[in-house]
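The primary structure of each chain is shown beneath.
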Amino acid sequence: GAGVSQSPRYKVAKRGQDVALRCDPISGHVSLFWYQQALGQGPEFLTYFQNEAQLDKSGLPSDRFFAERPEGSVSTLKIQRTQQEDSAVYLCASSLGLTMGRDVQYFGPGTRLTVL
Amino acid sequence: AQTVTQSQPEMSVQEAETVTLSCTYDTSESDYYLFWYKQPPSRQMILVIRQEAYKQQNATENRFSVNFQKAAKSFSLKISDSQLGDAAMYFCAYRSGGGSEKLVFGKGTKLTVNP
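Protein sequence lines correspond, in order, to chains P and Y. My numbering applies: residue 0 is where the first sequence begins, and numbers increase by one. My numbering applies: residue 327 is where the second sequence begins, and numbers increase by one.
Looking at chain P on its own, in the form it has when it is part of the complex:
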């Protein structure tokens, strides 16, 4: 596609429910990133993949958060037993990789998660 797409755009979950957020990166992009953006704050890194390999998951706040990219393209961020503090916009970004000048991250529109 022309850009990074995310679905759903909005998700309302009851506390304790599991949710799955999907990211479709730009075709051919090697690296894929997940960020969490709380209201009025800058994005905070969660995890990233190079192809199907998860190279850094240091930002995942708890073991309730899990991300995968099994075929090196589409990625899913799963949050189990959601809690109110998980309410945020979840941003996905992709890039061509670390080759000089190709490291620019292109962002999707985000999924706004509200946990009641």
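Treat the hints as calculated values from the structure; they're not laboratory data. Given the structure is predicted, the values throughout are model-derived calculations rather than measurements. Each residue gets a CB set at the ideal place from its N, CA and C atoms; glycine is no exception. Among the clues, some could well be false.
To be verified - Facing chain Y, a subset of chain P residues (Cβ under 10 Å, in silico):
| # | residue |
| --- | --- |
| 1 | Gly-2 |
| 2 | Phe-32 |
| 3 | Gly-39 |
| 4 | Gln-40 |
| 5 | Pro-42 |
| 6 | Phe-44 |
| 7 | Leu-45 |
| 8 | Gln-49 |
| 9 | Ser-86 |
| 10 | Leu-90 |
| 11 | Ala-92 |
| 12 | Gly-96 |
| 13 | Asp-102 |
| 14 | Val-103 |
| 15 | Phe-106 |
Said to hold, decoys possible - The following label-pair restraints were derived from C-beta to C-beta distances:
| # | chain 1 | residue 1 | chain 2 | residue 2 | range |
| --- | --- | --- | --- | --- | --- |
| 16 | P | Gln-79 | Y | Tyr-380 | 38 to 44 Å |
| 17 | Y | Asp-357 | P | Ser-57 | 17 to 23 Å |
| 18 | Y | Gln-328 | P | Ser-4 | 28 to 34 Å |
| 19 | P | Ser-57 | Y | Pro-441 | 43 to 49 Å |
| 20 | Y | Ser-406 | P | Val-73 | 36 to 42 Å |
| 21 | P | Val-73 | Y | Glu-343 | 40 to 46 Å |
| 22 | Y | Asp-357 | P | Arg-80 | 25 to 31 Å |
Said to hold, decoys possible - Straight-line Cα separation of at most 25 Å, DMTMM-like style, residue types lysine to aspartate or glutamate; simulated pairs:
| # | chain 1 | residue 1 | chain 2 | residue 2 |
| --- | --- | --- | --- | --- |
| 23 | Y | Lys-436 | P | Glu-43 |
| 24 | Y | Lys-404 | Y | Asp-352 |
| 25 | Y | Lys-396 | Y | Asp-357 |
| 26 | Y | Lys-404 | P | Asp-102 |
| 27 | Y | Lys-399 | P | Asp-102 |
Given the coordinates of chain P, work out where chain Y should sit on it, guided by the hints.
Only chain Y this time, still in chain P's reference frame:
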């Protein structure tokens, strides 16, 4: 760990005037990259400008330019001839030159452009 600080939560500028947004960062690394991203209301974040730390020359993209002061760990964004479409949240971000590709963002500056 690296940190990025944007000390101006909000700024305003008159259309056609110039405005400068501030950003400082803390790092012990010598190799890194700095970015300014723009996030318009309800729209996707897009790159404004990118700077390699090893380059002394300040990056420029049309009306957008940076003042990169490596010793002071400062990376400000200047917007010239401000337009209504420049109104947005602006985020400064840092990426390490080695290891993880992740971006570390500041908290952002909300820019208002007055007609």
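Hints, one by one, checked against the model:
For P/Gly-2, the shortest C-beta to C-beta distance to chain Y is roughly 7 Å, which falls under 10 Å, so the interface hint holds. Hint on P/Phe-32 holds. Least Cβ distance to chain Y is approximately 7 Å, under the 10 Å limit. This hint holds: P/Gly-39 has a C-beta 8 Å from the nearest C-beta of chain Y, less than the 10 Å allowed. Given the 10 Å rule on beta carbons, the hint for P/Gln-40 holds: about 6 Å separates it from the nearest Cβ of chain Y.
A cut of 10 Å between beta carbons decides the hint on P/Pro-42: the least distance to chain Y is about 5 Å, and the hint holds. Evaluation of the P/Phe-44 hint against chain Y yields a held restraint, the C-beta minimum of about 4 Å falling below 10 Å. For P/Leu-45, the shortest C-beta to C-beta distance to chain Y is roughly 9 Å, which falls under 10 Å, so the interface hint holds. Taking 10 Å as the C-beta cut-off, the interface hint given for P/Gln-49 holds, the closest approach to chain Y being about 8 Å.
Given hint, P/Ser-86 at the interface with chain Y, is violated; its Cβ is 17 Å from that chain's nearest Cβ, farther than 10 Å. Annotation: interface hint on P/Leu-90 holds; nearest CB of chain Y at approximately 7 Å, less than 10 Å. Against a cut-off of 10 Å between C-beta atoms, the interface hint on P/Ala-92 holds, since the closest Cβ of chain Y lies about 8 Å away. Checking P/Gly-96 against chain Y: minimum C-beta separation of about 8 Å stays under 10 Å; hint holds.
Interface hint at P/Asp-102: satisfied, since its Cβ lies 7 Å from the closest Cβ of chain Y, which is below the 10 Å cut-off. Given hint, P/Val-103 at the interface with chain Y, holds; its Cβ is 5 Å from that chain's nearest Cβ, closer than 10 Å. Look at P/Phe-106: its Cβ gets to within about 4 Å of chain Y, closer than 10 Å, so that hint holds up. The hinted window of 38 to 44 Å between P/Gln-79 and Y/Tyr-380 holds, with their beta carbons roughly 43 Å apart.
A hinted range of 17 to 23 Å for the beta carbons of Y/Asp-357 and P/Ser-57 is consistent with their spacing of about 20 Å. Restraint check, Y/Gln-328 to P/Ser-4: a C-beta distance of roughly 30 Å satisfies the suggested window 28 to 34 Å. Checked against the hint of 43 to 49 Å, the pair P/Ser-57 and Y/Pro-441 passes, with Cβ atoms roughly 44 Å apart. For the hinted restraint 36 to 42 Å between Y/Ser-406 and P/Val-73, the CB-CB distance of approximately 41 Å keeps it satisfied.
The hinted range of 40 to 46 Å is satisfied by P/Val-73 and Y/Glu-343, whose Cβ atoms lie roughly 44 Å apart. Between Y/Asp-357 and P/Arg-80, the C-beta spacing of about 40 Å breaks the proposed range 25 to 31 Å. For the hint linking Y/Lys-436 to P/Glu-43, the alpha-carbon distance of about 18 Å falls within 25 Å, and the restraint holds. Distance hint between Y/Lys-404 and Y/Asp-352 is fulfilled; the C-alpha atoms sit about 21 Å from each other, no more than 25 Å.
Of the pairs offered as hints, the one joining Y/Lys-396 and Y/Asp-357 holds, with about 11 Å between alpha carbons and a cut-off of 25 Å not exceeded. At most 25 Å may separate the alpha-carbon atoms for a hinted pair to count; Y/Lys-404 and P/Asp-102 meet this at roughly 23 Å. The straight-line distance between the Cα atoms of Y/Lys-399 and P/Asp-102 is roughly 21 Å, inside the 25 Å bound, and the hint therefore holds.
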